[in-house]
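Starting from two chains that each stand alone, build the complex the way the hints lay out.
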Amino acid sequence: MAESILEVRDLITAFDTEGGLVRAVDHVSFSVPKGGTLGIVGESGCGKSVTAMSIIRLLPQPAGRILQGEVMFKGRDLTRIMPKEMRRVRGGEIGVIFQEPMTALNPVHRIGRQLSECFLLHKKMSRREAWEASVEMLKLVRIPAAGQRIGDYPHQLSGGMRQRVVIAMALACRPDLVIADEPTTALDVTVQAQILDLMKRLQSELGMSMILITHDLGVIAESCDEVVVMYAGRVVEKAPVKELFANPLHAYTRGLLASIPRLETTPKTELPVIPGMVAGLKDFVPGCRFCQRMERRGATLRERPDFIEATPGHWVEACPICYGGGKEAGA
Amino acid sequence: MSALLKVEDLKVHFPVHGGVLMRQTGSVRAVDGVSLSIRQGETLGLVGESGCGKSTLGKAIVRLLKPTAGRIEFEGVDITRLRTGALRPLRRDMQMVFQDPVESLNARHSVREILEEPFLIHGGMASAERRKRVAGLLDRVGLQAASADRYPFEFSGGQRQRIGIARALALNPKLIICDEPVSALDVSVQSQVLNLLLELQRDMGLSYLFIAHDLAVVRHISDRVAVMYLGKIVEVADSETIYREPKHAYTKALLSAIPHPDPSLEVDRILLEGDVPSPIDPPKGSAFGHRIGHPRYEETVGKELPLVEIDPGHWVAADPCCLDEADWKRVAEE
Chain A
1 MAESILEVRD
11 LITAFDTEGG
21 LVRAVDHVSF
31 SVPKGGTLGI
41 VGESGCGKSV
51 TAMSIIRLLP
61 QPAGRILQGE
71 VMFKGRDLTR
81 IMPKEMRRVR
91 GGEIGVIFQE
101 PMTALNPVHR
111 IGRQLSECFL
121 LHKKMSRREA
131 WEASVEMLKL
141 VRIPAAGQRI
151 GDYPHQLSGG
161 MRQRVVIAMA
171 LACRPDLVIA
181 DEPTTALDVT
191 VQAQILDLMK
201 RLQSELGMSM
211 ILITHDLGVI
221 AESCDEVVVM
231 YAGRVVEKAP
241 VKELFANPLH
251 AYTRGLLASI
261 PRLETTPKTE
271 LPVIPGMVAG
281 LKDFVPGCRF
291 CQRMERRGAT
301 LRERPDFIEA
311 TPGHWVEACP
321 ICYGGGKEAG
331 A
Chain B
1 MSALLKVEDL
11 KVHFPVHGGV
21 LMRQTGSVRA
31 VDGVSLSIRQ
41 GETLGLVGES
51 GCGKSTLGKA
61 IVRLLKPTAG
71 RIEFEGVDIT
81 RLRTGALRPL
91 RRDMQMVFQD
101 PVESLNARHS
111 VREILEEPFL
121 IHGGMASAER
131 RKRVAGLLDR
141 VGLQAASADR
151 YPFEFSGGQR
161 QRIGIARALA
171 LNPKLIICDE
181 PVSALDVSVQ
191 SQVLNLLLEL
201 QRDMGLSYLF
211 IAHDLAVVRH
221 ISDRVAVMYL
231 GKIVEVADSE
241 TIYREPKHAY
251 TKALLSAIPH
261 PDPSLEVDRI
271 LLEGDVPSPI
281 DPPKGSAFGH
291 RIGHPRYEET
301 VGKELPLVEI
311 DPGHWVAADP
321 CCLDEADWKR
331 VAEE
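Chains A and B are the protein sequences, given in the same order.
Each step along the first sequence adds one to the number in our numbering, with nothing skipped, and position 2 is 2.
Each step along the second sequence adds one to the number in our numbering, with nothing skipped, and position 253 is 253.
What the hints contain is simulated information worked out from the structure, not anything from laboratory work.
In this text the structure is predicted, and so the values were computed from the model without any measurement.
We treat Cβ as the ideally placed atom computed from N, Cα and C, and that holds for glycine.
Heads up, some of the hints might be wrong.
Derived list of chain A stretches under chain B, where covered just means 3 residues or more per stretch with a C-beta under 8 Å from a C-beta of chain B [as the list claims (entries may be wrong)]:
no. : region
1   : 207 to 220
2   : 240 to 252
Using 20 Å as the maximum straight-line C-alpha spacing, the simulated EDC-like pairs for lysine to aspartate or glutamate come out as follows [what the hints assert, rightly or not]:
no. : chain 1 : residue 1 : chain 2 : residue 2
3   : A       : K200      : B       : D268
4   : B       : K329      : B       : E245
5   : A       : K268      : B       : E180
Next comes chain B alone, as it looks inside the complex (with noise of 0.2 Å):
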């Protein structure tokens, strides 16, 4: 099957200036190196602590941030490089939800502005019809069509997340980046945003990129899941297979300090020491292998560690720090 949006190398970097003549010293990796692909109708996770830059990498490929270096395709067509007038015709395929609902809303706007906006930019309808979209999207994202003349104070976290939806739906997409949409809300109201998700794939066949921390709700909405850390994609799999069997142990260790909503479980943690090491000044070798301080660090000094299919569709770096010896061996051989 082809790929709907296919990222290849794609690096993010930001400048860091410095020293009296605010000269560029050095600079942020947010995104070092990413390589990835989402089909139509498919769900990719992506997780990772604060920091590792899941967020950078959602943004550019939407293009509201200038990728450093790599290409973006969507639907075949490069997009790493047009400019903004010819990026207007790729912002109805791809929109973005946002994690906090309060903030990525205009609060002097009613509900009606803020979700016919898209067809104001886009063009090209009578305000009639307008109001008949509006009142169809809210219909679609499960609000009363009398919301339209509210204001965004006036509904609940849910229901804004709701709102947010509605307006990234306006223009039919085909993919929409869901920047941690679940993680603002109470739990009872997640499972609702979720399942409103998910219905709306089943019906209009879009794809997400879905962004997040929390790995119970990630597993539970991706068809797979990859696992950034540092910059980096350290593994992908479908989303059964990621969580039964992890390779990669970072993965791992994300996995079992999950806490689980059952006492009666007693759950063997791996407790990883100290913090996610500074975008800036990377760890020369296996990021992670740096911050567990493994043996074989060094030999991962100054070396590329690609991803390779362990098992078919089944994506982990080879890096002998964070592989079972069984696992390495196999890596190692291809």
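Just chain A, same shape as in the assembly (with noise of 0.2 Å):
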């Protein structure tokens, strides 16, 4: 496989609560390609988001803590490094472009003020310089009227505007690595289109590398090149895109693929589902969790699958049960 730029390894991430320690991931590794783009799918509580904030160290304290594994980024374990260094590749080497644009700016102090925030922490810039290369950013994230925008405060601006001022504050200090929890979830169809358009533009302008976090198998369609499905806590599945598609080999994923309505279904037909919801966190079995949400029984529920390489490139979760063994890849 190609170089990659970001390393996670064998990660477990446990919070502390009432009632005990539990783990909101478990044992997940991946690497993203460099240049290239990573998809994170999974449903809410899968672990998605934690896998993220753990990556940049951002876990709520001091609940959440980082309990096992290595993040490697450019030759160093980030979850070992002091936090001073620490803040320095967080906004300065990993940009973060959170999902609700309206919660990730300060409503208080206008939008140039926050994006110079960043060049004023991590360049060496007067107040004027960082100003102008804040027009700039806007500039690059197709803002109209970038030095007349750059005065306004958030709730002047529109749902999409606000989205790309935060991308623009995560790309100012020209990442290698950005990671988007949900960028689009909050906006429209439309405006879901031009932002991740826009991403896709400036990725390549700027040659970065990508976490993309989102529930919408869509979005993961277009948007990504290689894919990694979380169920509760876990990786189940790993592959390329049009790999992962194409032959979805763990039955979440494929259950997940097929409950979707598309263009092509007739209408009001009856959707096929995956029945019942995602155990809570604290009650996950040791072994399949897939299984334990189809309530199944017996000894799959006890012990970890193995997480094997079906075939080249493509990592499935081998419970005997929701990974039929390859049968169905050799088909």
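See below:
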């Protein structure tokens, strides 16, 4: 496989709760191809955002902590570096785009001041230089009349414009890696299309790598090179995007793909569903958690299934029931 | 077939106050001349971007908001100006399911209290009978009878939405306005709730006005789809037609923006510039023509752009900015 910019190895992130320590991320490994986009897809509570927050060490304190694992980024392990160094990485070498642009921006400061902050913190720039660099960033994310909009407060901008500002902030210091956590979920489809197009163009212009976290398989299909499917804190499947959509191997991935209404399906017919729901964090079994959801009993719940490479580059959690041992792959 | 619900030229405007004296300085034209009808047992999907007025329209139809002008007819009776007392019987027939099942259920009430409330308001039922009805409702939406004594926070998002649907079903309504009922749900749970809505419709002959921004979901559940832009409906057709042969430029753009869960597909995307214009000061002519900067925009200034039937059952706004040359010729001849 191509060179990778970031490698997460066997990461476990846990939270202290009244009921004891619970693992939100449980032995997660993946790598982000250099210059490419890795998609993490999964439903709420699957641990996709916690994984991202573990990488940049922004877990809720003091409850959340990384128990085990490595996050290798440009030759060092981000889980071990000093907080001061981490602050330099965050916003400097790794940019973050959060989901809700209204909460990611400070409502009482003009966007120019918020954008300049990135330059003042990470680059040795005077205020004036930072302000000018900020105008440039707004132009880069194609905000019309950037020179005037820079004096606006977040509430004066539309949702799409705000998300552009958040993107501008994430990209301000030309990071090597951008982590986008549901960047378009709060937006309308037409604006979502604009933002995804913008992110794609900026990515190739600036040569960044990206981790895109979303629950929308449509967004994954259009924007990612590699995909990681998470379920209940674990990676159940990992493959290049075309391979994943053409040959989903794990029962969960298959169920997820089957349950979305598409423009080709006959209207008003029953959709295939995944019965039940994800178990609570505290109730996770050590074994196959999708079997847990399907209320299967017995051996599969006791031991964690192996994560195997079924075909070159296509990995799957090999639960004997959820993954039929490659007989589908041969068919 | 006669319509269960008929809306004619409905307008909902909200006053905007400003200046030192807080006088009315303008109005937000949230819904600005909408006509539609829903037959018994039919689902009309309503799509549009945020701020286009689709939720306001839904709320005005059930009279949670006061219409500014126009006419709403339910089973042939004009309900536009009914007073609160006279509205009560109507509430049996028209119910609403809201987007956010967390905010629309009272957190301090048990599921039983939530579901019994419609019976208490509409009266005349012994407590044993109410208990039986609640158990029946829970069974109907696929929840266990034991759920009745639990509180909303104990349920997942999908289950809460089922409770919201059970509450709407309590009084055997004829029409349910579903305002983004699955938008807050996860993909795998979303399909469960959609199946439930379809099943209830088959069994009980319900009609739905299904408001959503997810076009694939709307197409899946609707018989006909209406596309709304800045307070007005710009296109209506049956759900297969509108996706196969959209006529209005806005419908086309909206459809092309959907991300397809298929990486092998190359989509020819129409990227729209800018955002929906403000309904406080809408463009004088074609609102969408204005957004895309169409050269024929000036022709539409000050003109009504009525819906015309371009093909049987397929209605589109007669707007030179938003139709193909050929379609516009056909429309102009009418």
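(Q) Of the numbered hints stated earlier in the document, which are not met by this structure? (A) none
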